[in-house]
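Enquirer: Read off the chains here:
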Amino acid sequence: MIDIAKVSKNFGKTAALKNIDLKINNGEIVGFAGLNGAGKSTAIRIISGIIFPSSGNIAINGHDIVREKMEASKHIGWVPESPNFEPETSSLSLLKYYAGFYGIKSKDAEIKAEELLKKLNIWDARNKRLSNYSMGMKKRFSIVAAMIGDPDNYLFDETLNGLDPQGVKDMRDLMLEMKKNGKAVFLSSHILSELQNIADRIAIIKNGEIIKIIDRKDLSNLGGTPSINIKIKNSDNNVINLLNKFGETTKNDNIYTIKAPDLSEDDSSKINKYMIDNGYDVISVSYAGEELEEYFLNLVRN
Amino acid sequence: MNSFLYDLKRIFTGSFTIIIIVLLVIVTMMEAYGTVGSVNSAVSPPSSTSIYTGMQSSISGFYALLIPLFGIFSAYFYYGKDKTSGILESIISKPVTKGRLFLSRFLGTSLTFVMAITLAIGLADILIYKYTGSFLSDTGFLSIVIGYSVVAIGYSGLMYLIAQFAKSSDIMIGSGLGLLFILGFFWGILMYLLLIRFLEHASFIKFQSILIYLNSISPSNYSTIMEYLKEGSYKSIINVGIVAGIGIIWILVPAFISFMLARSRD
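The listed protein sequences derive, respectively, from chains A and B. Under this note's numbering, read the first sequence as residues 745 to 1046, first letter to last. Under this note's numbering, read the second sequence as residues 225 to 490, first letter to last.
Take the hints with a grain of salt, since some may be wrong.
Distance condition first, Cα-Cα at most 25 Å in a straight line; then the derived PhoX-like pairs of lysine-lysine [claimed, not checked]:
#1 A/K882 x B/K305
#2 B/K391 x A/K757
#3 B/K391 x B/K305
#4 A/K872 x B/K233
#5 A/K1003 x A/K989
#6 A/K989 x A/K975
#7 B/K305 x A/K813
#8 A/K813 x A/K863
#9 B/K305 x A/K872
#10 A/K856 x B/K233
#11 A/K882 x B/K391
#12 A/K851 x B/K233
I should point out that these hints are in silico values taken from the structure, not numbers from a laboratory. Note that the structure is predicted; figures quoted are calculated from it, not measured.
Can you build the whole structure from these sequences, using the hints too?
Expert: Okay, here's the thing in structure tokens:
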């Protein structure tokens, strides 16, 4: 469990965070949304113990991240936005080094590293230098590095950025698995549709303050124009024409968003069937009341 | 194994550490041949004092550049580079504090210098013995090892201090080399000119005392001060207490200030 109590952070005269209060419970995924510079990464770096708060407390499983850093850090894994590792080291040797901080013996660390590298599909690159890893591989490795000590809490800072659709799906599955295993997951992302798909709650931050926490059950009742997101594997130029039949359709990467005032949850299965009948492989379909993005933008712009 | 020892082990087995040791041994052995040549022409077997003098004169020129560079670059490779590039953050997020990480890296690099210099001088001593039949005396050996170890640790401590403020690798390396330029190459001349300007009519003893104290502000001059102590020069100014005090200051003060900053700053 991560308990953030009245945390503020100042950089000189600039207040980056103002009295943040948030609790991430075991078995819960909390999304963290905000515009660039809102304070998402600063908050995550403070929770991970990399930088100090100016005031307030952060307890990780009851251990204060500043006063009991060693104990608190055993229970938290940080996945940074831009993974930065020693470039000339192989993933396997770096994982053994990290495992040493948790008191894991070298032999046990090797077994654990093998299990995780295989799980994240980078086992074949275990002896490669990290400088030769692609960004996607580095992100996967940073997740392995966060998991090496098997912590109860995870911080994902814009981890979905720059991943291919398969990578995003893998991340989503992994976070849901973590949740199922009782882990607390705190995920900041610009991809609001993904937060909408997996988060139990979404905290919205603006100018260093949490201005709204939306519960999952309220996500479909935000008001405004209902929408359906559909992800298609073999998409082409004709997809938008087909989907326009159901409402105004826009495309972002492989995700199509259909918006219409009379859309209902039942339309999801109709659209799914319609696209399959037209020869498309549908990866996922999800319904949202008002698109979170619209709600979010209204909130942070006001 | 706890994280502190693990980090220490990692520095000892790091490629830069191995390069330091190998380079220092090769250079010192080459210089030792020069020593053999210079003492062979004297009385046979030569005294340990003449071995010491020969060894010091052979290595001092090269060590004056090499040892500070080792101090500067190992602090850069094992701490500064990781700090400025953000690599250190991926480690700090693990169960380790900034202070412990600093200590393990600083102690690791410091022990590396002591080991490398001991090994290099030890092997050179054996080589000289093979050709001349004389070893360095214990005090001569210790004087060289301690003198140059303090030089390396002093520069390394200053680099750890710079790393607390430097925002990029370029700034860090540039500052380190700038420091070497001033403290290593020009400090003695600058202090001498300063004293001539302000203490023109001082007695020789007073002038010399102040000059030695001012020179001790640069870590580069510690090996020379150690040499004065070993040879018994400037006995009225230099004694074991003063030399030990200067050495301890160079080992501890920059490191302590850096440590306090490292554990309290973001």
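Enquirer: Regarding the pair B/K305 and A/K813, is the alpha-carbon distance no greater than 25 Å?
Expert: With a Cα-Cα distance of about 24 Å, the restraint between B/K305 and A/K813 holds, given a limit of 25 Å.
Enquirer: Mind checking the alpha carbons of A/K1003 and A/K989 for me, to see if they're no more than 25 Å apart?
Expert: holds (11 Å)
Enquirer: What's the verdict on A/K851 and B/K233, does the C-alpha distance respect the 25 Å limit or exceed it?
Expert: This hinted pair holds, its Cα atoms lying about 16 Å apart.
Enquirer: Check whether the Cα positions of A/K882 and B/K391 lie no farther apart than 25 Å.
Expert: Distance of about 24 Å is within 25 Å: holds.
Enquirer: Taken at face value, is the distance from the CA of B/K233 to the CA of A/K856 at most 25 Å?
Expert: Answer holds: A/K856 to B/K233 is near 21 Å, not above 25 Å.
Enquirer: Need the status of pair A/K882, B/K305: alpha-carbon distance at most 25 Å?
Expert: holds (19 Å)
Enquirer: Has the given pair, B/K305 with A/K872, been kept, meaning a C-alpha gap of at most 25 Å?
Expert: holds (22 Å)
Enquirer: Hinted pair, alpha-carbon criterion (25 Å max): B/K391, B/K305. Please report holds or violated.
Expert: Answer holds: B/K391 to B/K305 is near 10 Å, not above 25 Å.
Enquirer: Holds or violated: are the alpha carbons of A/K872 and B/K233 at most 25 Å from each other?
Expert: Holds - the C-alpha atoms of B/K233 and A/K872 are around 22 Å apart, at most 25 Å.
Enquirer: Would you check the hint for A/K813 and A/K863, treating anything up to 25 Å between C-alpha atoms as holding?
Expert: At roughly 29 Å apart (the allowed maximum being 25 Å), A/K863 and A/K813 break the hint.
Enquirer: Hint check: B/K391 vs A/K757, CA-CA at most 25 Å. Holds or violated?
Expert: holds (20 Å)
Enquirer: Does A/K989 pair with A/K975 here, judged by a C-alpha cut-off of 25 Å?
Expert: holds (17 Å)
In the structure shown, a violation is registered for the earlier hint numbered 8 alone.
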